[in-house]
Amino acid sequence: MAGVHTGTASTAVLSGDLALLDYLVGLELAVATVYGEGARLLTSPAAVSAAAAFHAHHAAHAAALVALLAGSGASPGPNRDLLTNLAASLQVLTDENAELSLLYSLEEELAATYEWALGRLTGTPAQQEAAAILTVEGQHAVALGTFLDKPLSELIVSFQGVTGYLVPADFGITTLG
Amino acid sequence: VKPLPRPVSRRRVLQAALLSSLAACSTHRTHRAAPPPTSTSLGTTSTTSLVEIPVRDPATRVDILLLQTSGSLEHYASGIYTQVAGLDVAGRTGLIPLLTAFATHHADHAAALETATLQAGGRTVTQPNAMLSEAAMRLLPGLTSAVDVLEFLYGVELLSASTHRQNVGLFSDPGHNGFVMGIGGVEARHMTVLGSRIAALDEAQRGAWPPWPASGLPPPPAGLQPGVGL
Numbered sequence: 015m016a017g018v019h020t021g022t023a024s025t026a027v028l029s030g031d032l033a034l035l036d037y038l039v040g041l042e043l044a045v046a047t048v049y050g051e052g053a054r055l056l057t058s059p060a061a062v063s064a065a066a067a068f069h070a071h072h073a074a075h076a077a078a079l080v081a082l083l084a085g086s087g088a089s090p091g092p093n094r095d096l097l098t099n100l101a102a103s104l105q106v107l108t109d110e111n112a113e114l115s116l117l118y119s120l121e122e123e124l125a126a127t128y129e130w131a132l133g134r135l136t137g138t139p140a141q142q143e144a145a146a147i148l149t150v151e152g153q154h155a156v157a158l159g160t161f162l163d164k165p166l167s168e169l170i171v172s173f174q175g176v177t178g179y180l181v182p183a184d185f186g187i188t189t190l191g
Numbered sequence: 004v005k006p007l008p009r010p011v012s013r014r015r016v017l018q019a020a021l022l023s024s025l026a027a028c029s030t031h032r033t034h035r036a037a038p039p040p041t042s043t044s045l046g047t048t049s050t051t052s053l054v055e056i057p058v059r060d061p062a063t064r065v066d067i068l069l070l071q072t073s074g075s076l077e078h079y080a081s082g083i084y085t086q087v088a089g090l091d092v093a094g095r096t097g098l099i100p101l102l103t104a105f106a107t108h109h110a111d112h113a114a115a116l117e118t119a120t121l122q123a124g125g126r127t128v129t130q131p132n133a134m135l136s137e138a139a140m141r142l143l144p145g146l147t148s149a150v151d152v153l154e155f156l157y158g159v160e161l162l163s164a165s166t167h168r169q170n171v172g173l174f175s176d177p178g179h180n181g182f183v184m185g186i187g188g189v190e191a192r193h194m195t196v197l198g199s200r201i202a203a204l205d206e207a208q209r210g211a212w213p214p215w216p217a218s219g220l221p222p223p224p225a226g227l228q229p230g231v232g233l
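These protein sequence lines are chains A and B, in that order. Residue numbering for the first sequence follows this note's numbering, beginning at 15 and increasing consecutively. Residue numbering for the second sequence follows this note's numbering, beginning at 4 and increasing consecutively.
FYI, nobody ran anything at the bench for these hints, they're computed from the structure. Keep in mind the model is a prediction, meaning the values are calculated, not measured. Cβ coordinates follow ideal geometry from the N, Cα and C atoms, glycine included. Keep in mind that the hints are not guaranteed to be accurate.
Distance windows between CB atoms, simulated [as the list claims (entries may be wrong)]:
| no. | chain 1 | residue 1 | chain 2 | residue 2 | range |
| --- | --- | --- | --- | --- | --- |
| 1 | B | GLY210 | A | SER167 | 46 to 56 Å |
| 2 | B | MET140 | A | SER89 | 25 to 35 Å |
| 3 | A | ALA53 | B | GLY210 | 17 to 27 Å |
| 4 | A | LEU104 | B | ALA203 | 26 to 36 Å |
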C-alpha cells in the first residue's frame, strides 16, 4: 500500500502506518488552521479560552504524530483538500455559534477518524498515540457541544464509532481506503 | 522508508506475566469468602451466560485476560454509578439523570466485553471487579456533596479510560484495539462532563480534575493491571 500524498505537503512516497500517520498529521494541522482562522468569531470568555487550548492541542497532536514519522522523509503540512473543502463554510460564518458548530463537527469527525485508524494501524507506538489522541478529540467535542447546549445523549453515546470519519480518498489520499 | 519500531520482546514478557496472573486469579476466585455486589443486583442486566471454550493459544489467552479484566472493570463502573445514584446526595443535587445515563453506558460496555471475551474463546466475567468494589464500599459513606460524588466518579472514569488505553497494542487480535478504544473514548468523554461540573462548582479544583489534559495529550495510562480483582 503506497500513496503519493496530494492532500498534504509531504512529497515522500509512504506506505502502511507511515502513510496513515502522515494523513492524520495533515488533518491535525488543517484543523489547527481552522481554529486559528475562526478565533475572531468567538466572544464568550469560556469559548475563547477553550478554543485557544484546543488549537494548541491539535498542534501538539501533530507534533506527537510527526515524531513517529521520523526518518520516513515525510514533511506533512495542513491537509489542503480539507481546508479547500471548508473554505466556503468558513467564509459564511458570522457568529460564535456558527464557528462552534463547525469546530464541534470537525472534532467529532476527527474522533471517528482515529477510531477508524485504530483498525488499520499495525505498529504499537502508532496505535497507542492514536488511542491517546482519540480520547482528547472526543473531549473537545463534548466541551464544544456543551457550549452549543447539545443534549448529553447526543454528545455521548455508548460507543465511539467511525461514522463521519474523514475518508482519505475525499481529502487527497487515494490509497488508504 | 524506515519501519516503525515494534516492541516484540515486551509482548513476550507481558504474556508470561499474564499467564502467571491467570493462575493466581483462579485461586483468588475460588477462595473469595463473599461475592461483591453485582451489576445485576444493582439494577442492570447481564445478557450472557458462562460458557467455557478451550482457548487456542497463549496469545489468545492474553487477549482473553485483558478483555475479562476490562469487563470486570465495566461491571464495577456500572454498578457503582447505580449505587451512587441511589444515595441521598444524588437526589439532593440533581445528579441522578447523569449518573443513570453513564451507568447505562458502562453496562453496555460490560455486555460488549462479555461478547468479545466469548468470541475470543474465553469465559465471560459477569461480576464487578472485586478489588475495586471492596475499595469503593469504604468510600461511598463519605460522599456527602455533589463535588464528592463527581470527584469519586471522575476517578472511576480515569481508571477505566486508562485501562482501555493501556491495553491498546497488547492484543494479539488487532481488531480489539479499536474495540476497546470505542469504549475508552466514551469514558474520556465522561471525564469531560464530570470535570466540567466539578469546575463549575469549585473552580479551584479544575487542575485536579481536568475536563481535558492541559497539554492536549493524556499522561501515560495507569490502568488496572491485567487479572487484578478478577
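Each hint, compared with the structure:
Separated by about 29 Å at the C-beta atoms, GLY210(B) and SER167(A) break the suggested range of 46 to 56 Å. For the pair MET140(B) and SER89(A), the beta carbons lie near 55 Å from each other, so the given range of 25 to 35 Å is not met. Checking the proposed 17 to 27 Å range against ALA53(A) and GLY210(B) shows it holds: the Cβ atoms sit about 24 Å from each other. Distance hint check for LEU104(A) and ALA203(B): the Cβ-Cβ separation is about 31 Å, which falls inside the suggested range of 26 to 36 Å.
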